[in-house]
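One letter stands for each residue in the lines below.
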Amino acid sequence: MSGRIIYLDNNATTQIAPEVREAMMPYLTDLYGNPSSMYSFAASAAAGLKEARAKVAALLGASPDEIVFTSCGTESDSTAILSAIRTFPEKRHIITTRVEHPAVKNLCENISLFTGHKYRLTQLKVNEKGMLDLAEYEAALGDDTAIVSVMWANNETGVVFPIAEMAKMARKRGILFHTDAVQAVGKMPINLAALDVDFLSLSGHKLHAPKGVGVLYVRKGSPFTPFLIGGHQERGRRGGTENAASIVGLGKASELAAANMETDNSRVRALRDRLEEGLLARIPKSILNGDKSHRLPNTCNISFEFVEGESILLHMNQIGICASSGSACTSGSLEPSHVLRAMGVPFTAAHGSIRFSLSVYNTEEEIDLVLGALPPIIASLRALSPFWKEE
Amino acid sequence: MWEYTDKVQEHFLNPRNVGEIADADGVGDVGSLACGDALKLTLKIEDGRIADAKFKTFGCASAIASSSALTEMVIGKTLEDASKITNEDIANYLGGLPKEKMHCSVMGREALEAAIANYKGLVLPMAQGEVVCECFGVTDLEIIRAIQESHLRSLEEITNFTKAGGGCGKCEEKLRAILQKTAQGEIAQAAAPDKPKRMTTLQKVKKIEEALEREIRPILKKDGGDIELLDVDGDIVTVAMRGACGSCAMSQTTIKEYVEKKLRELVVDSLIVEEGAL
Numbered sequence: 224m225s226g227r228i229i230y231l232d233n234n235a236t237t238q239i240a241p242e243v244r245e246a247m248m249p250y251l252t253d254l255y256g257n258p259s260s261m262y263s264f265a266a267s268a269a270a271g272l273k274e275a276r277a278k279v280a281a282l283l284g285a286s287p288d289e290i291v292f293t294s295c296g297t298e299s300d301s302t303a304i305l306s307a308i309r310t311f312p313e314k315r316h317i318i319t320t321r322v323e324h325p326a327v328k329n330l331c332e333n334i335s336l337f338t339g340h341k342y343r344l345t346q347l348k349v350n351e352k353g354m355l356d357l358a359e360y361e362a363a364l365g366d367d368t369a370i371v372s373v374m375w376a377n378n379e380t381g382v383v384f385p386i387a388e389m390a391k392m393a394r395k396r397g398i399l400f401h402t403d404a405v406q407a408v409g410k411m412p413i414n415l416a417a418l419d420v421d422f423l424s425l426s427g428h429k430l431h432a433p434k435g436v437g438v439l440y441v442r443k444g445s446p447f448t449p450f451l452i453g454g455h456q457e458r459g460r461r462g463g464t465e466n467a468a469s470i471v472g473l474g475k476a477s478e479l480a481a482a483n484m485e486t487d488n489s490r491v492r493a494l495r496d497r498l499e500e501g502l503l504a505r506i507p508k509s510i511l512n513g514d515k516s517h518r519l520p521n522t523c524n525i526s527f528e529f530v531e532g533e534s535i536l537l538h539m540n541q542i543g544i545c546a547s548s549g550s551a552c553t554s555g556s557l558e559p560s561h562v563l564r565a566m567g568v569p570f571t572a573a574h575g576s577i578r579f580s581l582s583v584y585n586t587e588e589e590i591d592l593v594l595g596a597l598p599p600i601i602a603s604l605r606a607l608s609p610f611w612k613e614e
Numbered sequence: 006m007w008e009y010t011d012k013v014q015e016h017f018l019n020p021r022n023v024g025e026i027a028d029a030d031g032v033g034d035v036g037s038l039a040c041g042d043a044l045k046l047t048l049k050i051e052d053g054r055i056a057d058a059k060f061k062t063f064g065c066a067s068a069i070a071s072s073s074a075l076t077e078m079v080i081g082k083t084l085e086d087a088s089k090i091t092n093e094d095i096a097n098y099l100g101g102l103p104k105e106k107m108h109c110s111v112m113g114r115e116a117l118e119a120a121i122a123n124y125k126g127l128v129l130p131m132a133q134g135e136v137v138c139e140c141f142g143v144t145d146l147e148i149i150r151a152i153q154e155s156h157l158r159s160l161e162e163i164t165n166f167t168k169a170g171g172g173c174g175k176c177e178e179k180l181r182a183i184l185q186k187t188a189q190g191e192i193a194q195a196a197a198p199d200k201p202k203r204m205t206t207l208q209k210v211k212k213i214e215e216a217l218e219r220e221i222r223p224i225l226k227k228d229g230g231d232i233e234l235l236d237v238d239g240d241i242v243t244v245a246m247r248g249a250c251g252s253c254a255m256s257q258t259t260i261k262e263y264v265e266k267k268l269r270e271l272v273v274d275s276l277i278v279e280e281g282a283l
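Protein chains in written order, with this note's numbering: chain X, 224 to 614; chain F, 6 to 283.
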């Protein structure tokens with residue numbers, strides 16, 4: 224492979240912003256003190272954490288003491304769900320959706336293994352646009368529901384769920400509400416102060432901070448039991464020495480996201496729309512997956528019928544374009560994406576789905592390059608496909 | 006990302022013999038859109054020889070590469086020789102496939118069989134079996150055959166080779182039963198004719214030494230290596246790699262993939278070969 228990379232896989236991970244790297248450097252070099260130590264040398268590390276906590280809180284519309292730093296989005300998800308299970312051991316019902324990220328899906332599907340008790344699991348359906356049915360949700364809420372865990376935005380399609388309304392409905396019934404907001408944070412305004420959300424998960428590396436740092440927002444007053452038991456870090460809510468450099472990086476990334484939210488997102492949205500409209504116009508039998516109007520500004524999921532996703536990705540890889548696919552061959556299993564299947568996307572289309580996820584670092588020139596490169600790739604694979612009939 | 010050999014990538018990027026022979030003598034159509042891969046193989050047959058072969062494939066890189074390789078392998082072969090091609094041959098031709106992708110080579114062999122059967126006007130027995138895996142429409146006969154041909158020993162291997170069990174997982178119990186029955190039968194059958202089922206340890210040691218001397222050592226010596234038998238305890242055979250093999254990073258693979266397979270074939274199928282520290 225030669226030349227540059229065109230990175231359109233920002234829902235998988237993002238590049239570290241130069242400003243973030245800059246902010247982290249002192250903590251990777253001179254300021255190595257343990258934030259819990261007593262001397263003034265360590266105080267600068269503690270001060271860095273404090274500042275970062277305030278910045279993350281500001282991005283979320285939360286208060287700094289509602290922010291618990293973790294190691295990743297998955298840890299945050301596990302912490303929230305298992306905390307609710309321990310808070311209400313007699314409640315044996317969980318509500319989630321069919322399209323959750325594995326971090327929530329696999330935990331909820333196997334919760335009986337961890338607790339030794341039988342749990343009832345409601346996995347809310349989605350329609351062909353990937354949207355939930357709130358009547359089904361309302362009917363599922365019950366006296367024995369320990370927690371509701373619903374993602375804010377879907378990683379594969381970018382579809383955004385009505386979290387404000389859903390959290391309100393749970394609160395009315397006295398049920399804890401968790402949202403995996405890993406894809407949403409930084410890509411849409413969030414104001415937790417105005418919402419009935421008890422727990423929210425986010426992950427640093429999805430918003431231009433490094434990997435290995437996440438946050439669990441724990442609403443003041445919501446019952447909470449820690450997952451990692453150890454020292455008094457994070458006010459006893461998460462044991463383990465803080466990942467100071469990465470936390471500082473996440474603070475900087477949050478500051479950037481808050482400051483540039485509007486301009487960044489409208490720029491990214493314009494690039495995404497250019498890519499989406501261009502591909503749908505240039506390539507016959509291509510279908511957009513997911514509700515167009517309730518969607519993250521950076522994500523676009525398109526199925527190219529009668530070809531297979533891994534083949535498309537490998538051809539794109541030859542020219543340095545990075546994206547991902549919901550095809551069976553790329554999932555490590557033999558079945559296509561559970562998200563697309565839940566939406567009822569036919570097999571002809573699910574195997575040939577490609578997700579493009581953009582960031583503020585993409586340029587119009589890159590998008591135009593992709594628009595030029597993809598039609599011949601799809602055409603050459605279709606020429607190989609026994610199902611493709613020239614029209 | 007999958008780790009594909011250069012040859013797989015090369016066949017994927019520059020597939021040979023793409024298309025459909027209009028007046029084909031044999032057509033093999035396997036797989037489906039739902040399954041995620043499908044192959045249509047068309048053959049032109051002249052005087053019992055495959056004069057031309059073309060393919061169309063829907064699937065991932067290894068499915069396309071396996072199909073392309075298959076056409077190269079069969080063109081010019083007699084039907085008799087072509088029908089001896091196994092999925093392992095296809096994988097080997099490509100310098101190997103990731104184990105999760107072995108089913109792509111199986112699809113190639115199935116298409117070839119189907120095309121030859123179609124030419125001869127035969128109905129393949131495989132499709133007549135009972136469907137065990139409903140997600141991918143795999144029959145018991147296909148699973149039994151894969152177990153026997155590729156010496157599969159776990160459910161994971163069955164899924165890698167046939168896809169069976171790779172979907173909802175409801176057929177797991179059935180697969181386990183088939184595996185147990187087939188693998189046992191295979192061991193019994195393998196031990197039956199000239200390999201007595203119960204050997205005394207002395208007989209076993211003698212047979213192992215014979216096999217090492219006649220079959221295995223000459224091959225290793227080609228690469229400047231050697232092998233020494235250290236111990237036989239029940240079915241556990243302990244060996245030491247000598248010469249170039251002794252310092253080779255691949256010696257574990259050689260022991261498991263070559264020595265063990267060979268000894269199982271020649272002595273008894275239950276042998277486990279391990280490297281001893283001596």
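Derived from the structure by calculation, the hints contain no laboratory data. In this text, all values refer to a predicted model and were calculated from it rather than measured experimentally. Check before you lean on any hint, since a few could be wrong.
Cβ-to-Cβ under 7 Å is the rule here; a few derived chain F residues that face chain X [to be verified]:
hint, residue
1, Arg21
2, Gly142
3, Leu146
Which bits of chain F does chain X cover? Going by a derived footprint, with three or more residues having C-beta under 8 Å, they are [said to hold, decoys possible]:
hint, segment
4, 41–50
5, 224–232
Straight-line alpha carbon distances no greater than 20 Å define the calculated EDC-like cross-link-like pairs of lysine to aspartate or glutamate that follow [said to hold, decoys possible]:
hint, chain 1, residue 1, chain 2, residue 2
6, F, Lys175, X, Glu332
7, X, Lys612, F, Glu15
8, X, Lys391, X, Asp366
9, F, Lys209, F, Glu233
10, F, Lys59, X, Glu613
Cβ atoms here follow ideal geometry from the backbone N, Cα and C, with glycine treated the same way.
Structure-based check of all given hints:
1. Arg21: Violated, about 12 Å.
2. Gly142: Since chain X brings no Cβ nearer than about 12 Å to Gly142 (chain F), farther than 7 Å, the hint is violated.
3. Leu146: violated (20 Å)
4. 41–50: holds (count 5)
5. 224–232: Answer violated; 0 residues pass the 8 Å Cβ test.
6. F:Lys175 - X:Glu332: holds (16 Å)
7. X:Lys612 - F:Glu15: violated (26 Å)
8. X:Lys391 - X:Asp366: Between Lys391 (chain X) and Asp366 (chain X) the Cα gap is close to 16 Å, so the pair holds against 20 Å.
9. F:Lys209 - F:Glu233: With a Cα-Cα distance of about 16 Å, the restraint between Lys209 (chain F) and Glu233 (chain F) holds, given a limit of 20 Å.
10. F:Lys59 - X:Glu613: holds (18 Å)
The structure does not agree with the numbered hints 1, 2, 3, 5, 7 stated previously, though it agrees with the rest.
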